[in-house]
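Undergrad: If you want the building blocks of each chain, they are given just below.
There are 6 protein chains.
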Amino acid sequence: MSQGIAHASVGEQFEGFLLIKSSDKGVASNGKPFLTIVFRDKSGEIEAKLWEVTKDDEEVFTPESVVNVQGEIRQFRGKPQLNVRQIRLASAADGIHPEDFMEKAPIEVVEMQEYMTKIIFEMRNPNIQRIVRYFLKKYEHELFTYPAATKNHHEYAAGLAHHVVSMLKLGKQLVELYPDVDADLLYAGIILHDIGKVKELSSPMSPSYTLEGKLLGHITIMVDEVKEAANELGIEGEEVLLLQHLILSHHGKSEWGSPKPPQIREAEVLHLIDLVDAKMNMMNRALDKVKPGEFTDRIYPLENRSFYKPKIE
Amino acid sequence: MSQGIAHASVGEQFEGFLLIKSSDKGVASNGKPFLTIVFRDKSGEIEAKLWEVTKDDEEVFTPESVVNVQGEIRQFRGKPQLNVRQIRLASAADGIHPEDFMEKAPIEVVEMQEYMTKIIFEMRNPNIQRIVRYFLKKYEHELFTYPAATKNHHEYAAGLAHHVVSMLKLGKQLVELYPDVDADLLYAGIILHDIGKVKELSSPMSPSYTLEGKLLGHITIMVDEVKEAANELGIEGEEVLLLQHLILSHHGKSEWGSPKPPQIREAEVLHLIDLVDAKMNMMNRALDKVKPGEFTDRIYPLENRSFYKPKIE
Amino acid sequence: MSQGIAHASVGEQFEGFLLIKSSDKGVASNGKPFLTIVFRDKSGEIEAKLWEVTKDDEEVFTPESVVNVQGEIRQFRGKPQLNVRQIRLASAADGIHPEDFMEKAPIEVVEMQEYMTKIIFEMRNPNIQRIVRYFLKKYEHELFTYPAATKNHHEYAAGLAHHVVSMLKLGKQLVELYPDVDADLLYAGIILHDIGKVKELSSPMSPSYTLEGKLLGHITIMVDEVKEAANELGIEGEEVLLLQHLILSHHGKSEWGSPKPPQIREAEVLHLIDLVDAKMNMMNRALDKVKPGEFTDRIYPLENRSFYKPKIE
Amino acid sequence: MSQGIAHASVGEQFEGFLLIKSSDKGVASNGKPFLTIVFRDKSGEIEAKLWEVTKDDEEVFTPESVVNVQGEIRQFRGKPQLNVRQIRLASAADGIHPEDFMEKAPIEVVEMQEYMTKIIFEMRNPNIQRIVRYFLKKYEHELFTYPAATKNHHEYAAGLAHHVVSMLKLGKQLVELYPDVDADLLYAGIILHDIGKVKELSSPMSPSYTLEGKLLGHITIMVDEVKEAANELGIEGEEVLLLQHLILSHHGKSEWGSPKPPQIREAEVLHLIDLVDAKMNMMNRALDKVKPGEFTDRIYPLENRSFYKPKIE
Amino acid sequence: MSQGIAHASVGEQFEGFLLIKSSDKGVASNGKPFLTIVFRDKSGEIEAKLWEVTKDDEEVFTPESVVNVQGEIRQFRGKPQLNVRQIRLASAADGIHPEDFMEKAPIEVVEMQEYMTKIIFEMRNPNIQRIVRYFLKKYEHELFTYPAATKNHHEYAAGLAHHVVSMLKLGKQLVELYPDVDADLLYAGIILHDIGKVKELSSPMSPSYTLEGKLLGHITIMVDEVKEAANELGIEGEEVLLLQHLILSHHGKSEWGSPKPPQIREAEVLHLIDLVDAKMNMMNRALDKVKPGEFTDRIYPLENRSFYKPKIE
Amino acid sequence: MSQGIAHASVGEQFEGFLLIKSSDKGVASNGKPFLTIVFRDKSGEIEAKLWEVTKDDEEVFTPESVVNVQGEIRQFRGKPQLNVRQIRLASAADGIHPEDFMEKAPIEVVEMQEYMTKIIFEMRNPNIQRIVRYFLKKYEHELFTYPAATKNHHEYAAGLAHHVVSMLKLGKQLVELYPDVDADLLYAGIILHDIGKVKELSSPMSPSYTLEGKLLGHITIMVDEVKEAANELGIEGEEVLLLQHLILSHHGKSEWGSPKPPQIREAEVLHLIDLVDAKMNMMNRALDKVKPGEFTDRIYPLENRSFYKPKIE
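Protein chains in written order, with full-length UniProt numbering: chain A, 1 to 313; chain B, 1 to 313; chain C, 1 to 313; chain D, 1 to 313; chain E, 1 to 313; chain F, 1 to 313.
Just to be clear, a hint being listed does not mean it is correct.
Any copy will do: because identical chains look the same in the list, a pair fits if it lies in one copy or spans two.
To be verified - Below are the EDC-like pairs computed for lysine to aspartate or glutamate, each with C-alpha atoms no more than 20 angstroms apart in a straight line:
id	residue 1	residue 2
1	K311	E212
2	K311	E15
3	K214	E255
4	K311	E238
5	K42	E212
6	K199	E228
7	K253	D41
8	K279	E47
9	K279	D180
10	K172	E294
11	K172	E313
12	K137	E114
13	K151	E103
14	K118	D56
15	K214	E303
16	K42	D94
17	K291	E238
18	K291	E212
19	K25	E176
Keep in mind the hints are simulated off the structure, nothing from the lab.
Being a predicted model, the structure only gives us computed values, none of them experimental.
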């Protein structure tokens with residue numbers, strides 16, 4: 001069981017702490033209320049039913065609370081389900097925090113912060129540098145806690161920062177191979193392109209879309225903020241327009257949410273790097289779960305393909 | 001000839017004032033330089049060649065200057081061409097202005113200003129009213145000189161205001177028929193939705209796209225400006241977000257340049273009214289040029305259709 | 001409960017009359033037959049199971065019959081279900097009619113009839129007027145009982161007439177704003193465009209598609225009928241062809257079922273008005289069900305969007 | 001030269017009779033009028049210029065008249081052009097008819113008539129047989145003079161009948177291979193499916209689209225006529241609906257002009273046979289023009305492909 | 001029951017032999033293991049549950065084994081389910097073979113073999129003949145046992161050969177109607193086009209995709225093999241390239257899996273014949289299951305259409 | 001003039017050596033033959049007319065021959081044209097080679113050879129290494145002379161090798177950033193993916209498509225060759241299949257010519273790297289031609305976009 005709830009086999013006994021991800025009330029065929037709970041730990045999720053629950057239970061076992069559970073792994077319609085025998089809220093004495101149940105970026109936050117600071121320090125264009133610094137300061141906390149997306153890729157704590165750091169490394173290589181690329185613009189675009197997500201999503205732990213996120217989206221939110229920041233910092237000039245364009249066009253096509261396609265070299269590179277890193281993250285995580293000679297599950301955003309893990313060394 | 005250059009027949013003699021829309025230098029097969037000039041008046045355009053021109057001619061006959069021309073209408077590759085016998089720059093004494101050669105909105109500017117003022121006066125939500133007033137004041141001059149587009153529909157002086165006024169009238173009817181529609185939001189959306197074009201386009205008379213227009217586009221420009229205006233006016237609250245959403249979504253689909261589709265009733269209505277008025281403007285102007293029993297030319301933005309003008313009374 | 005079955009909460013007791021919309025036989029895991037019944041009243045629908053039914057029950061509880069039911073609202077797989085304790089057929093003494101369980105157009109039939117009569121009376125082209133009158137007489141009953149569609153918009157008793165009347169009002173406004181539009185053609189097109197649905201659909205109350213509806217469709221059916229009516233009335237001339245074209249092209253594109261796109265101004269206007277009224281009907285009814293600050297359910301024919309109801313006054 | 005005008009080489013002298021396909025007036029750079037004439041004979045077409053023409057010439061050298069021409073084949077912008085030295089109208093004495101200059105179906109009309117008569121004679125369903133006979137009689141002349149299309153396939157005199165006869169032969173084979181196919185329905189569908197073209201197109205020799213053809217199209221025209229014919233013949237029953245469906249659906253998809261897709265087996269077969277025969281006609285005629293080892297010109301309606309003629313025996 | 005398991009009615013008793021198509025283990029809500037088995041015979045399939053199974057049961061009741069079953073037809077979620085009372089493995093004494101439970105081609109294998117041999121014998125090009133013979137010999141067994149597809153059309157024992165033979169007959173007719181078609185190329189293309197499926201699919205009885213099938217596909221596999229065969233047979237010349245092209249292009253378009261579209265006449269014909277035979281097979285089998293006046297189930301690969309079976313004689 | 005023919009201005013005199021890219025005969029309006037010649041040097045191309053040419057001229061001034069030309073740059077229909085006064089074939093004495101007139105890869109061939117050799121040397125899987133070596137030896141000459149495409153990207157001498165080397169460098173960086181990627185597979189895929197072009201295209205200098213190229217394409221050609229090479233080298237095992245899959249899927253989608261999409265991680269990476277390097281090559285070369293503050297010409301394969309060159313440092 002030490003591997004986590006997502007790796008438990010049907011028939012196995014379970015005892016331990018879990019985070020409640022969601023909790024929905026139902027009424028059974030006997031007229032009694034019950035709860036359908038989704039538990040999670042770092043390894044993933046499992047569904048459970050709490051039968052004949054009281055009003056109290058409903059109020060206690062709510063999303064984002066941590067509980068201690070005893071039960072057995074059963075199977076229900078082809079999926080594992082946790083049959084709960086005992087359940088209680090974790091107390092302060094248990095020394096457990098919700099964050100402990102979230103998957104985390106594979107790099108330490110400190111290391112990522114240092115890497116970004118170094119990149120910004122190396123920038124030569126002062127206007128670009130100031131704007132990037134402004135946002136890194138403004139959203140420092142969010143950048144290192146939010147996921148990069150609600151699902152599909154980098155959907156874990158600090159996933160946003162992890163995505164940015166991977167892209168910066170990739171960007172650095174491309175600047176070396178294709179030296180005409182303007183490093184300052186590219187790095188600034190990488191750091192800023194998705195920060196709007198911290199306002200598009202409601203929270204780092206169980207993110208849903210905010211009203212602003214739904215009606216405007218992270219791209220428009222951030223294009224606005226860059227303008228406001230430039231006003232505040234008293235910066236004028238082409239840099240502001242270029243940074244806005246980098247953010248605006250980074251989805252590559254209007255069908256994908258960018259009302260203007262990339263029209264400067266660095267914008268096209270930013271779009272490509274974003275694509276590469278997101279795809280690598282999805283493929284790698286899917287392939288990690290299978291053995292050589294097997295195919296992964298279908299990955300919806302990769303055109304629903306499944307990938308084969310070769311047997312050759 | 002009094003009907004204007006676009007209605008001249010092959011073989012006819014011409015004498016009068018014309019605006020130079022464009023002027024391009026070429027070198028003839030005999031090695032001598034010549035100018036390909038496009039002249040325009042309110043009725044439309046005609047091409048001409050000036051053979052064996054001097055350096056002086058090149059510098060004098062430039063775009064946006066008005067000239068007096070004598071010549072004959074010929075035909076070249078199936079299109080009329082003006083064979084110039086004499087040409088001279090208009091002088092102050094001629095009392096001629098470039099604006100006289102532009103097609104104009106069929107309603108007087110004063111009348112349109114009054115109509116908009118009345119609409120704004122009737123608004124009940126003070127935040128919306130203040131933001132709309134802010135922009136009407138800020139862009140008063142541009143709104144009543146710019147076209148609504150560089151081609152296809154309302155592409156004439158004050159076309160932007162004409163488009164807005166037609167849409168307001170249409171909107172007023174829809175509010176009566178479907179009283180759940182919030183009139184303030186709808187009217188504000190109509191007035192603001194295309195104002196970004198005054199920054200997207202370079203000038204009212206021979207508009208081309210500005211750098212900002214190309215890299216951001218009029219939608220993004222205006223969404224930004226609404227936020228800045230609200231900041232400046234100290235307005236907070238859902239109204240700002242809703243107005244931004246109205247502008248952002250008014251093209252209806254991401255493929256058509258709106259990164260978010262309409263998600264409030266008034267945004268959908270705004271999109272529909274915009275569509276209806278643009279289509280009516282294109283159809284009406286094409287049908288005005290043909291006689292009953294004939295088909296119009298193909299209209300590219302109307303799926304390249306040509307329209308039949310019935311013979312029945 | 002007075003608000004109707006669609007508004008009942010889980011746990012509530014129910015007693016009253018309901019219409020059987022559909023009734024399907026099944027065999028339970030104990031080998032006994034049961035019925036899955038969908039009940040409806042004006043507010044909407046609810047599913048129920050009748051366990052261990054007899055042959056008699058199967059023959060009695062059939063679609064379009066009205067019953068008196070007692071039971072309790074339970075929940076089954078996330079949806080409310082009516083747990084039936086007692087059920088009996090309504091008798092003549094109950095004074096109940098199937099029509100009482102259908103949603104109705106929000107305008108009275110008489111009022112709609114008068115409006116249409118007035119519109120037809122104002123027509124100036126006698127050929128168009130005679131053809132429209134012919135159909136209003138021929139399908140008078142159907143026009144004021146049929147829905148405009150089996151689902152999505154105006155899917156209630158006299159929905160077809162309601163759709164026509166709304167479109168006429170909208171059309172009248174457009175004729176005023178764009179006076180080149182030929183009112184007679186437009187109004188005739190509006191009244192006739194969907195009448196073919198009375199032959200495409202099997203009945204006003206629980207409509208399914210007829211063989212003719214499936215193999216030809218309401219557009220082709222009506223284009224045929226206009227020709228036959230003109231023959232019968234001895235009318236020749238462009239009007240017949242134009243009316244056929246208005247009907248044929250009103251879906252706007254071949255992909256949407258119109259083999260020819262609109263090629264006269266009035267056909268394009270007809271298509272646009274149809275679109276606007278259908279969309280307004282869908283949006284308004286979805287927004288009526290939510291509170292300010294909430295989003296509606298996704299509306300499939302509106303590109304699966306959900307709409308936000310603003311909180312501002 | 002005996003092979004016809006389309007096979008003439010640059011530099012060759014020409015003397016003979018040609019049909020004027022089109023004649024357009026222009027004004028030369030010296031101000032004199034000229035005619036751009038397209039001549040044709042059975043082999044194809046060639047363009048020519050008549051310089052400095054008189055009013056008389058304009059009135060005499062009009063489309064569909066036959067002339068005797070002397071001149072030389074030149075080249076103009078990469079295409080052959082006939083340089084006319086002498087031209088005169090053909091007189092009665094020349095014994096020449098416009099039809100002699102049209103490409104013809106490779107089978108004799110009499111043979112095609114006999115084949116169709118035989119097919120109809122073998123029909124067992126009397127209703128279907130009577131309707132088909134009705135149309136064969138009504139449009140006998142047109143069926144054996146009109147092309148099947150204005151371009152792409154079977155675009156020659158009696159091309160419509162040729163297309164029908166080829167499809168009937170193909171249909172007969174399919175009925176043998178798949179005996180469940182109803183022969184009467186299929187043959188009737190084949191004979192009737194394109195007859196509407198005789199009303200969609202203006203004439204057999206230089207066809208353009210009629211108003212009815214543009215606003216309704218040959219499919220709708222014919223679906224109407226089948227209904228009218230059935231009324232006139234007093235025929236009721238499923239046959240009428242099925243024949244209408246066969247015609248309506250024969251383009252296969254709404255995007256291709258059929259508002260309903262094939263929904264009976266014979267309609268699907270009709271659509272497939274139509275496709276096969278049109279494609280074979282296009283490919284065969286293109287391949288006839290090239291030698292083994294060469295590629296044909298690109299064939300636009302075959303997805304712009306060019307086809308290779310193998311060298312193997 | 002003699003009609004087979006697919007025709008059994010709810011409530012009926014069953015006793016007989018069935019093939020296990022698939023068998024999946026689950027754990028019931030009481031913690032006990034059970035098997036979900038799909039049984040099949042020639043008529044089709046039925047699902048069943050075996051409750052409280054032992055380890056032995058799991059190892060015995062595996063796919064491709066034949067069992068004797070007693071039970072009753074029940075209904076579960078709208079579908080029939082076999083309630084098993086008794087089950088045992090068929091023994092040698094029962095004289096039952098897995099093949100007896102597979103649907104078969106409606107023509108005898110011997111007859112199909114003779115037909116193909118005759119076609120090959122008539123070929124005049126020795127290179128083509130030798131290559132076709134090579135493959136007929138190499139894959140003789142597979143060709144007459146494999147289905148033509150895992151679902152949709154000809155998905156039964158020897159379906160591949162049946163598809164080839166039907167296409168050859170159709171091809172023979174087309175060669176007669178359009179004599180320019182090269183018979184040898186066409187017949188060779190028909191015989192070879194799908195043979196790659198014997199390597200794409202794992203087995204004739206319960207086919208799944210092989211790794212080679214997934215990563216390369218039957219088209220690429222066979223294009224390779226033709227080249228290898230030609231090398232082995234010492235054949236050079238255009239025939240090899242043409243045969244490769246016929247196979248490569250037979251899906252008609254890149255979206256359908258052919259990286260090159262048909263570029264020789266015979267390749268286009270091959271593609272069309274393949275389409276016609278697959279469609280006829282699907283339509284005929286669906287229409288066989290319904291009565292006159294009824295519609296078939298929707299057929300997914302025929303654009304999800306359902307087909308009407310006319311009532312006329 | 002030293003900058004080359006593509007940079008010559010209208011009116012300038014020219015004297016120097018040029019390569020004839022194409023030469024087409026025409027007949028002038030005076031009946032005399034002339035040649036339309038396209039000349040090229042490293043800078044680009046220019047068109048010219050040779051009037052009143054002799055039979056000898058036609059035979060002498062043929063594609064791929066080098067000539068000495070004197071003349072003047074004129075303008076014809078908006079494009080520069082070389083007015084030839086004198087022309088003669090280059091002789092051995094001139095010491096000029098056709099290759100001198102071709103654009104070349106910006107890296108020396110020797111350097112590229114060494115880089116590839118080093119990469120191959122580092123491979124750890126012996127099967128992959130042997131197959132790659134086999135092809136590098138077999139096509140050594142072609143790989144370092146052929147372009148990577150006939151237009152759009154890397155369309156210059158050794159462009160194929162240049163594209164491979166850039167991709168290898170990019171691949172190396174990706175392997176470092178995403179260490180799960182199998183370097184051997186990726187590098188082998190990069191080196192082999194486009195080698196089929198040496199058989200798809202007719203020659204390195206003025207490439208057209210071969211018959212094999214048209215009917216099979218470079219992907220299919222190379223997938224075949226890998227199989228044949230493996231047979232010849234006696235290599236079996238998954239490596240062969242994986243290499244075939246890498247080549248087969250490298251266009252990413254069936255619409256883009258890959259019948260199977262990437263289904264192993266390295267195939268997806270190969271596809272992405274190919275995309276990145278092709279796009280960078282196109283953007284960089286277009287941006288090299290413009291000054292800061294300008295837009296490039298539209299680049300068709302980059303969705304017809306034009307790119308802006310920023311003014312900021």
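Undergrad: Within a copy, between copies, both or neither: where do K42 and D94 come within 20 angstroms Cα-Cα?
TA: Close inside one copy (18 angstroms), not across copies (55 angstroms); limit 20 angstroms.
Undergrad: What label fits K214 with E255 when the C-alpha limit is 20 angstroms: within, between, both, or neither?
TA: both (16 angstroms within a copy, 18 angstroms between copies)
Undergrad: State whether the alpha carbon distance between K199 and E228 is at most 20 angstroms within one copy, between copies, both, or neither.
TA: both (15 angstroms within a copy, 18 angstroms between copies)
Undergrad: Have a look at K42 and E212 and pick one of within, between, both or neither, based on CA distance no larger than 20 angstroms.
TA: neither (30 angstroms within a copy, 36 angstroms between copies)
Undergrad: Can you tell me if K118 and D56 fall within 20 angstroms by alpha carbon in one copy, between copies, both or neither?
TA: neither (52 angstroms within a copy, 58 angstroms between copies)
Undergrad: For K151 vs E103, is the C-alpha pair at or below 20 angstroms within one copy, between two copies, both, or neither?
TA: within (12 angstroms within a copy, 41 angstroms between copies)
Undergrad: Go through the copies and call it for K214 and E303: within, between, both or neither, with a Cα cutoff of 20 angstroms.
TA: between (24 angstroms within a copy, 15 angstroms between copies)
Undergrad: At most 20 angstroms between C-alpha atoms: does K253 with D41 qualify within a copy, between copies, both, or neither?
TA: Cα proximity of K253 and D41: none, with 37 angstroms in one copy and 37 angstroms across.
Undergrad: Is it within, between, both, or neither for K279 and E47, if the alpha carbons may be no more than 20 angstroms apart?
TA: For K279 and E47, the Cα distance exceeds 20 angstroms both inside one copy (28 angstroms) and across copies (39 angstroms).
Undergrad: From the Cα coordinates, with 20 angstroms as the cut-off, is the pair K291 and E212 best called within, between, both, or neither?
TA: between (43 angstroms within a copy, 18 angstroms between copies)
Undergrad: Could you place K311 and E212 in one of the four classes (within, between, both, neither) given a Cα distance threshold of 20 angstroms?
TA: Answer is between: at 14 angstroms across copies they meet the 20 angstroms cutoff, but 48 angstroms inside does not.
Undergrad: Can you give me the call for K172 and E294, within, between, both or neither, at a CA distance of at most 20 angstroms?
TA: This pair counts as neither: shortest intra-copy Cα distance 34 angstroms, inter-copy 26 angstroms.
Comparing the model with each numbered hint stated earlier shows that hints 2, 5, 7, 8, 10, 14 and 19 do not hold.
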